[in-house]
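Visitor: So the chains spell out like this:
2 protein chains.
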Amino acid sequence: MEMLYTKTILTELQNFYKNQLLNDTIPFWFPRSIDKEHGGYLLMRDQDGTLIDDDKAVWIQGRATWMLSTLFNTFDQKQEWLEGAKSGIDFLNNHCFDTDGQMFFHVTKEGKPIRKRRYFFSETFAAIANAAYAKASGDKNAADKARFLFGKCIEYATTPGLLPSKFTSTRPAKGIGVPMIMINTAQQIRDNIGDERCDEWISKWILEIETDFVKDDIKCVMEQVAPDGSIIDHIDGRTLNPGHAIEGAWFILHEAKYRNNDPHLIALGCKMLDYMWERGWDKEHGGIMYFKDVYDKPVQEYWQDMKFWWPHNEVIIATLLAYLMTGNEKYAQWHKLVHEYAYAHFHDKKNGEWFGYLHRDGTIAQTAKGNLYKGPFHLPRQEWYCVQILEQYLNSN
Amino acid sequence: MEMLYTKTILTELQNFYKNQLLNDTIPFWFPRSIDKEHGGYLLMRDQDGTLIDDDKAVWIQGRATWMLSTLFNTFDQKQEWLEGAKSGIDFLNNHCFDTDGQMFFHVTKEGKPIRKRRYFFSETFAAIANAAYAKASGDKNAADKARFLFGKCIEYATTPGLLPSKFTSTRPAKGIGVPMIMINTAQQIRDNIGDERCDEWISKWILEIETDFVKDDIKCVMEQVAPDGSIIDHIDGRTLNPGHAIEGAWFILHEAKYRNNDPHLIALGCKMLDYMWERGWDKEHGGIMYFKDVYDKPVQEYWQDMKFWWPHNEVIIATLLAYLMTGNEKYAQWHKLVHEYAYAHFHDKKNGEWFGYLHRDGTIAQTAKGNLYKGPFHLPRQEWYCVQILEQYLNSN
Chain H
65 MEMLYTKTIL
75 TELQNFYKNQ
85 LLNDTIPFWF
95 PRSIDKEHGG
105 YLLMRDQDGT
115 LIDDDKAVWI
125 QGRATWMLST
135 LFNTFDQKQE
145 WLEGAKSGID
155 FLNNHCFDTD
165 GQMFFHVTKE
175 GKPIRKRRYF
185 FSETFAAIAN
195 AAYAKASGDK
205 NAADKARFLF
215 GKCIEYATTP
225 GLLPSKFTST
235 RPAKGIGVPM
245 IMINTAQQIR
255 DNIGDERCDE
265 WISKWILEIE
275 TDFVKDDIKC
285 VMEQVAPDGS
295 IIDHIDGRTL
305 NPGHAIEGAW
315 FILHEAKYRN
325 NDPHLIALGC
335 KMLDYMWERG
345 WDKEHGGIMY
355 FKDVYDKPVQ
365 EYWQDMKFWW
375 PHNEVIIATL
385 LAYLMTGNEK
395 YAQWHKLVHE
405 YAYAHFHDKK
415 NGEWFGYLHR
425 DGTIAQTAKG
435 NLYKGPFHLP
445 RQEWYCVQIL
455 EQYLNSN
Chain V
65 MEMLYTKTIL
75 TELQNFYKNQ
85 LLNDTIPFWF
95 PRSIDKEHGG
105 YLLMRDQDGT
115 LIDDDKAVWI
125 QGRATWMLST
135 LFNTFDQKQE
145 WLEGAKSGID
155 FLNNHCFDTD
165 GQMFFHVTKE
175 GKPIRKRRYF
185 FSETFAAIAN
195 AAYAKASGDK
205 NAADKARFLF
215 GKCIEYATTP
225 GLLPSKFTST
235 RPAKGIGVPM
245 IMINTAQQIR
255 DNIGDERCDE
265 WISKWILEIE
275 TDFVKDDIKC
285 VMEQVAPDGS
295 IIDHIDGRTL
305 NPGHAIEGAW
315 FILHEAKYRN
325 NDPHLIALGC
335 KMLDYMWERG
345 WDKEHGGIMY
355 FKDVYDKPVQ
365 EYWQDMKFWW
375 PHNEVIIATL
385 LAYLMTGNEK
395 YAQWHKLVHE
405 YAYAHFHDKK
415 NGEWFGYLHR
425 DGTIAQTAKG
435 NLYKGPFHLP
445 RQEWYCVQIL
455 EQYLNSN
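Protein chains in written order, with the working numbering: chain H, 65 to 461; chain V, 65 to 461.
Heads up, a few of these hints could be off.
Copies of the same chain look alike in the list, so a pair counts if it fits in one copy or across any two.
Think about it this way: if two alpha-carbon atoms lie no more than 16 Å apart in a straight line, the pair counts; the simulated EDC-like pairs of lysine to aspartate or glutamate are [to be verified]:
id, residue 1, residue 2
1, K361, D300
2, K176, D99
3, K361, D112
4, K82, D140
It is worth saying that the hints were derived from the structure and are not from the lab.
Input sequences plus hints: build the corresponding full structure.
Guide: Set out below in C-alpha cells:
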C-alpha cells in the first residue's frame, strides 16, 4: 500500500502551514489590532477587518498575548511581536482583575468591567500569556504572575464551592473542560518557565480524564459526568462535544511525546481521537459536528449540527500528531479529510483568516472573524503547532 | 382589488386553527404528559412523543398550566383539562419556590432544584397560571397567589438591584422583555381575576416601549437600550429579535382592542409589526430570522439565521390581529405568507405538533418537541388566540 503522506508531502504541508500563519492569519490581526491608546487588542472584527465592537474579551486578550509571545519564542525574534505581547500583558495585568482577585470576562476598551463569569478560564489564559511573555522578555514579574495564577487555577479547580455555581447541589456534575485546560496550562508553564508542580498535576488530570470521562464500553469521551464518573442520563449530561474531546486527545498525545513516547498515553490519546472522530465527523457533508447526544437523542442546543472553526483546528492537530507518532495510515487519511474540508470551507481567500461559523452544509452562517469567543488563537495555534511537529518529525526521520 | 381574506376564508381559517389545536397540538401533549406520581408535567419529548428527559422546566410548567386552564375557561369545560391544570398548580406552588421566595428555573421530576436564574420569568408564568386556574376552579388561594406574584413581579421589574445582575454597572441596559412580559401578565390577570393595578401599569409599560424601544427614524424596535432609551452601539446592544418585537406588537394591539380600538395603540402596534417584518422576514427562503443586527453587522450568535417555531406563532397572531383590526390588505398577505410557511415547514404531519428548530433553508435542525424552552405554549396559544379573534370578528362583521 502506498503511503498517503510521503516526506515530500509532509514538507509541503509544513510550508503550507507556515505560509498561512505568517502571510495570511497573523497579518489579518496584527499590527492593526494593537490598541496603542489603552493597551491590549481590538479584535472584534468583520470579515474584511472592519471593527464591529471595541470591547475586549479577556479570554482572547490572554490568548493573543500568548500567541504573539510564542511566535517570538519559537519562530523569529521580531520586535513587533514582543511589543505587541507587552501591550496585552500590561492590559491584562492592569485592567482585567477584580478586587477579589478573580478576573473579568468582558471589559470595555479602557478596561472597565462589563461582565465577570463563574469560571476561571480568563485566569488560565492569563497564566499561559504571562509564562510565554516571561520567556520572550525575560521579565521576572511575568514569570511570578504566571506561577501565581497557575496556583490560583489549581485552587479553583480543586476546591468545590470556591467559585459560585450555576447549578444547585441536587445533581452534582463535573466537566472535562477543567482537567483539559489545566493540562494545557501546565504544559505551557513547564515549557516556558518551568515549574515543579506541573508533571504531577498533569498526571493527575490525565488520570481523571481516563478514569471518569473515557468510556470504553460505549467508545465515547463524555463532556460531563457525575463526580464518580457515572453518566448523568439527562439532556445536559448526555451532550458530547467531539471537537473538544479531540482537543483533549492531542493534549494527551503531546504529553506522551514529552514523556519519551509513553505508550500508555499514546494509546489513550489515540482512542479518544478514534471514539470522537466516529461520533463527530459528518459523513454526509464533511466537517465536525458541534454537539451530539451520547445515545443519539436530541440535544438542547438547536445549532448542534453547525460547523465551528475551532473544532477543525483541534482535529487537524490531533490527526496529524497521531499520524506522526504512530505512523497509522488511518490518521493520515483523517488529517487529509479534515484539513481539506477546513481550508476549503472556513478559509477566507479574499481577506485572510477563517470564518467562524458554517451551517451544516458548509455555507457561511455569519461573517465575524472576531467576537467574544473568536480571535487569534485556535487557527494560528494550529498552524504554529503543526509547523513545529512537522519540523521535529522531518528532522529526525 | 379582490380581498384575500373573504368571510368564507376566515371561517375556514378559524376551523383550521380549532382543528389543529384540539386534534393535533393538545393531543400530542395530553393526557400523557401529566405526571400522576409527582404532579406537574413531563414535557421534554422527542418528535414521536418519547420522553427524552424527566426534568421539569419551571417556565413550561407554568405555561402548560395556564394553557389547560384557559382551554377550560374559554373552549369547553372538560374535567381532564381542569384536573390537568390542578396538577400543574400544585407542582408549581409546592416545589418551584426557593426559601427566599424566588422561583427556580429547572427542577427534577420530584421538584428538587437544579438551577435558579437571575430573571423573574418563572414568576410571571406562575402568576398567569394561578390566575387562569383560579377562574377555572374558583380557588381563592390561586387568585391570591396570582395577585401576590404579580406584585412581586412589579417589584422585581421596578427595583434595580433587587435581583443579581449578569453585568456590572459600567454600561447599564434594559431589555424590551420586561415591559412586554409584564403587559401580557397584567392582561391575563385582568381577564381572569381582575386587579385594579393592571390598567395603569399596562399604560406605563406601553409608554416605556413606545418612548425607549421604538425608533421611528430607523424604523426599528430595539431589543435592548440604555436606561435613557439610547442605542448601545456594541454587539449586544445592536442585536434585534424581530419575532420577539412582533410579539410585543400584538400585546399592544390586544390592548388597543380592549380599549375600544384605541387608535394610538393600533398605530403603535402596527408600526412595530411593520418595522420588524421588514427586518425579520427572510425574502430568500421565507420564515422569520431569529436575530438581526440593527446596522446589519454580524451578531454574536452564530445561529442567528435559524427559524425557530415561536416567532412564527407570534407573527401569525400579530398579522391576523392587525388585519382584523385595520382591514389593511397588506396584513392579510403577510399572514398568509407566514401561516403557509409555518404549517408547511414546522408542522409534523406524522406525529402532530411542530418541530422547534429549522435551518435557514427550512430543513429540520433538531427534532425535540419539548425541552427546557419548548412545550405546550406558543403553538397552542397561537391556535387558541386566533380562534378567539376570528370568532369575535366573524360574529360582529
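Visitor: Give a verdict on every hint.
Guide: Hint-by-hint comparison with the structure:
{"no.": "1", "hint": "K361 - D300", "in the structure": "within (11 Å within a copy, 32 Å between copies)"}
{"no.": "2", "hint": "K176 - D99", "in the structure": "within (15 Å within a copy, 49 Å between copies)"}
{"no.": "3", "hint": "K361 - D112", "in the structure": "between (39 Å within a copy, 12 Å between copies)"}
{"no.": "4", "hint": "K82 - D140", "in the structure": "within (12 Å within a copy, 72 Å between copies)"}
This entry satisfies every hint, going by the numbered hints stated previously.
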